[in-house]
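Participant: Chain residues, written in single-letter form:
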Amino acid sequence: GAVVSQHPSRVICKSGTSVKIECRSLDFQATTMFWYRQFPKQSLMLMATSNEGSKATYEQGVEKDKFLINHASLTLSTLTVTSAHPEDSSFYICSALKLTVYGYTFGSGTRLTVV
Amino acid sequence: AQTVTQSQPEMSVQEAETVTLSCTYDTSESDYYLFWYKQPPSRQMILVIRQEAYKQQNATENRFSVNFQKAAKSFSLKISDSQLGDAAMYFCAYRSVDQAGTALIFGKGTTLSVSS
Numbered sequence: 015g016a017v018v019s020q021h022p023s024r025v026i027c028k029s030g031t032s033v034k035i036e037c038r039s040l041d042f043q044a045t046t047m048f049w050y051r052q053f054p055k056q057s058l059m060l061m062a063t064s065n066e067g068s069k070a071t072y073e074q075g076v077e078k079d080k081f082l083i084n085h086a087s088l089t090l091s092t093l094t095v096t097s098a099h100p101e102d103s104s105f106y107i108c109s110a111l112k113l114t115v116y117g118y119t120f121g122s123g124t125r126l127t128v129v
Numbered sequence: 025a026q027t028v029t030q031s032q033p034e035m036s037v038q039e040a041e042t043v044t045l046s047c048t049y050d051t052s053e054s055d056y057y058l059f060w061y062k063q064p065p066s067r068q069m070i071l072v073i074r075q076e077a078y079k080q081q082n083a084t085e086n087r088f089s090v091n092f093q094k095a096a097k098s099f100s101l102k103i104s105d106s107q108l109g110d111a112a113m114y115f116c117a118y119r120s121v122d123q124a125g126t127a128l129i130f131g132k133g134t135t136l137s138v139s140s
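These protein sequence lines are chains B and P, in that order.
So the first sequence is numbered by our numbering: it starts at 15 and just counts up by one.
So the second sequence is numbered by our numbering: it starts at 25 and just counts up by one.
No wet-lab data here; the hints were simulated from the structure.
Careful: at least some of the hints might be erroneous.
Calculated cross-link-like contacts (lysine-lysine; reagent style BS3-like; alpha-carbon spacing at most 25 Å) [to be verified]:
(1) P/Lys132 x P/Lys97
(2) B/Lys28 x B/Lys80
(3) P/Lys102 x B/Lys55
(4) P/Lys102 x P/Lys132
(5) P/Lys94 x P/Lys79
(6) P/Lys94 x P/Lys132
(7) B/Lys112 x P/Lys79
(8) B/Lys34 x B/Lys78
(9) B/Lys55 x P/Lys94
Please work from the sequences and hints to get the whole structure.
Facilitator: Rendered as structure tokens:
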């Protein structure tokens, strides 16, 4: 199979602090990972595409200095929300691409609450 | 650019009945993949079914089947013998073949409720 582990599942942080979310492909190498943001009852909004060993490509309107993405290995990508504010509160989902099959595997998501 | 449209924000069905969720898409590409994903209250994205555009035969997975109309750019999902566990948000998604490393393009989703 193709399993993606995302941690933490829930996190509460104080305004102004940073929080890191990890996304790991457990049984395959993911050259490409995607980060999404999802508001309640809405669709997934692509934030950025990360490729192992290179800089992430951010979608228009996403602040790359606020949402730092690192994809240092073929099995790990991290999203760091820097200087978090209440408006950053959301559900964040990662997805890893396994090119040997055409499906995408999703992590279980992280609910971020900034207080 | 490709777009995916789900025109039904909400749908409801009774247990054991059949329901069809609509999806249309726009693309200039001739080869691509289409997917239906389910997102239950746990919010875990689960692949329901996928279809390769070059295949004329409609994909089926147990109680789930699609009606793929390439010329009309339509990709509807039929759920037969609906169960309470089918209640979820369903997303239609598109993926380019030529741009293999690109993200899925999602529709806005349809929330399906199932009543007993």
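Participant: Look at each hint and say if it fits the structure.
Facilitator: Evaluation of the provided hints:
1. P/Lys132 x P/Lys97: holds (17 Å)
2. B/Lys28 x B/Lys80: holds (15 Å)
3. P/Lys102 x B/Lys55: holds (21 Å)
4. P/Lys102 x P/Lys132: Holds. P/Lys102 to P/Lys132 sits at ~18 Å (cutoff 25 Å).
5. P/Lys94 x P/Lys79: Holds, at roughly 10 Å.
6. P/Lys94 x P/Lys132: holds (21 Å)
7. B/Lys112 x P/Lys79: holds (21 Å)
8. B/Lys34 x B/Lys78: Holds - the C-alpha atoms of B/Lys78 and B/Lys34 are around 14 Å apart, at most 25 Å.
9. B/Lys55 x P/Lys94: violated (29 Å)
The structure does not agree with numbered hint 9 stated previously, though it agrees with all others.
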